[in-house]
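*Asks:* Sequence:
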Amino acid sequence: MAEVTVRRAGADDAFIVAALHLQFALELGMPSEPGYLDRFVDAWLADRPDRPTWIAESRGEHAGILETRRIRALPWPGRKDVSWLHVGGLFVTSGHRDRGVGRALTEAMIEWSRTTDVKWIRLNAPDVRAQEFYERLGFSSPGRLMEFDLRDPS
Numbered sequence: 000m001a002e003v004t005v006r007r008a009g010a011d012d013a014f015i016v017a018a019l020h021l022q023f024a025l026e027l028g029m030p031s032e033p034g035y036l037d038r039f040v041d042a043w044l045a046d047r048p049d050r051p052t053w054i055a056e057s058r059g060e061h062a063g064i065l066e067t068r069r070i071r072a073l074p075w076p077g078r079k080d081v082s083w084l085h086v087g088g089l090f091v092t093s094g095h096r097d098r099g100v101g102r103a104l105t106e107a108m109i110e111w112s113r114t115t116d117v118k119w120i121r122l123n124a125p126d127v128r129a130q131e132f133y134e135r136l137g138f139s140s141p142g143r144l145m146e147f148d149l150r151d152p153s
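Numbered as in numbering that gives the first Met the number 0, the sequence shown ends at 153 without a single skipped number.
Rather than coming from a laboratory, the hints here were simulated on the basis of the structure.
Glycine residues also receive a C-beta, built at the ideal position from the N, C-alpha and C atoms.
Hints are supplied without guarantee of correctness; some may be wrong.
What follows is a list of derived Cβ distance ranges for each label pair [to be verified]:
#  : residue 1 : residue 2 : range
1  : G59       : L144      : 34 to 40 Å
2  : A18       : R143      : 26 to 32 Å
3  : D151      : A18       : 37 to 43 Å
4  : T115      : S31       : 30 to 36 Å
5  : R135      : G59       : 24 to 30 Å
6  : L144      : R38       : 26 to 32 Å
7  : D37       : R150      : 38 to 44 Å
8  : P33       : R78       : 43 to 49 Å
9  : R113      : Y35       : 32 to 38 Å
10 : Q22       : R68       : 18 to 24 Å
11 : T4        : A129      : 21 to 27 Å
12 : R47       : R78       : 22 to 28 Å
13 : N123      : Q22       : 16 to 22 Å
14 : P48       : G88       : 16 to 22 Å
Under the rule of at most 20 Å between Cα atoms (straight-line distance), these lysine to aspartate or glutamate pairs were calculated in the EDC-like manner [claimed, not checked]:
#  : residue 1 : residue 2
15 : K118      : D49
16 : K118      : D148
17 : K118      : E106
18 : K79       : D49
19 : K79       : D148
20 : K118      : E146
21 : K118      : D151
22 : K118      : D80
23 : K79       : D151
24 : K118      : E134
25 : K79       : D116
Take the sequences, apply the hints, and build the full model.
*Replies:* Below is the structure:
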């Protein structure tokens with residue numbers, strides 16, 4: 000397994016995030032369009048505080064990306080402020096698949112979440128292979144909607 004480095008994307012990474020996002024969309028069969036990268040960068044930078052994103056690198060290349068959306072719960076009497084993450088996409092480039100990149104990205108997201116007010120992580124697993132992948136990382140589900148619970152059981 001090649002060494003994988005994961006880091007949280009910052010403002011200086013906006014075009015890297017956009018390029019990986021576009022590569023992901025193209026693999027899903029979406030068309031390319033003029034000006035897309037600029038449009039994506041502007042939107043991502045405007046929402047960045049609520050869009051935690053991680054970039055994986057391996058063998059000197061950008062190997063993957065994990066994009067989330069942070070949802071902040073409205074205040075509730077007697078409860079501390081809480082939020083949860085929705086995983087919008089996990090993408091590993093074709094040359095880096097089955098080398099631990101997806102696992103490293105997901106583990107980095109979980110570890111970051113533990114240091115915040117995030118209490119659970121939710122995602123839609125598109126197929127059985129994805130469901131099994133997330134189950135191995137501690138997510139649970141009766142179907143496609145999966146959750147990783149960070150709440151204190153007490």
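*Asks:* Given the hint that K79 pairs with D148, test it: the Cα-Cα distance must not exceed 20 Å.
*Replies:* OK: K79 and D148 at ~17 Å, within 20 Å.
*Asks:* Is K118 close enough to E134, meaning Cα to Cα at most 20 Å?
*Replies:* holds (18 Å)
*Asks:* Quick check on a hinted range of 43 to 49 Å for P33 and R78, using CB atoms only.
*Replies:* Holds, at about 47 Å.
*Asks:* Next pair to validate is K79 with D116; report whether the Cα-Cα distance is within 20 Å.
*Replies:* holds (9 Å)
*Asks:* Can the restraint linking K118 and D80 be considered satisfied, given a maximum Cα separation of 20 Å?
*Replies:* holds (10 Å)
*Asks:* Given the hint of 38 to 44 Å, check if D37 and R150 actually sit that far apart at their C-beta atoms.
*Replies:* holds (40 Å)
*Asks:* Measuring from beta carbon to beta carbon, are L144 and R38 in 26 to 32 Å?
*Replies:* holds (29 Å)
*Asks:* Does the Cβ-Cβ separation between Q22 and R68 fall within 18 to 24 Å?
*Replies:* holds (20 Å)
*Asks:* Check the following: the C-beta atoms of R47 and R78 are separated by a distance inside 22 to 28 Å.
*Replies:* Given a distance of about 27 Å, which is inside 22 to 28 Å, the answer is holds.
*Asks:* Quick one, are K118 and E106 close enough, alpha carbons at most 20 Å?
*Replies:* Holds - the C-alpha atoms of E106 and K118 are around 15 Å apart, at most 20 Å.
*Asks:* Taken at face value, is the distance from the CA of D148 to the CA of K118 at most 20 Å?
*Replies:* holds (6 Å)
*Asks:* Go ahead and decide if the range 24 to 30 Å is satisfied by the Cβ distance of R135 to G59.
*Replies:* holds (28 Å)
In summary, this structure violates none of the numbered hints.
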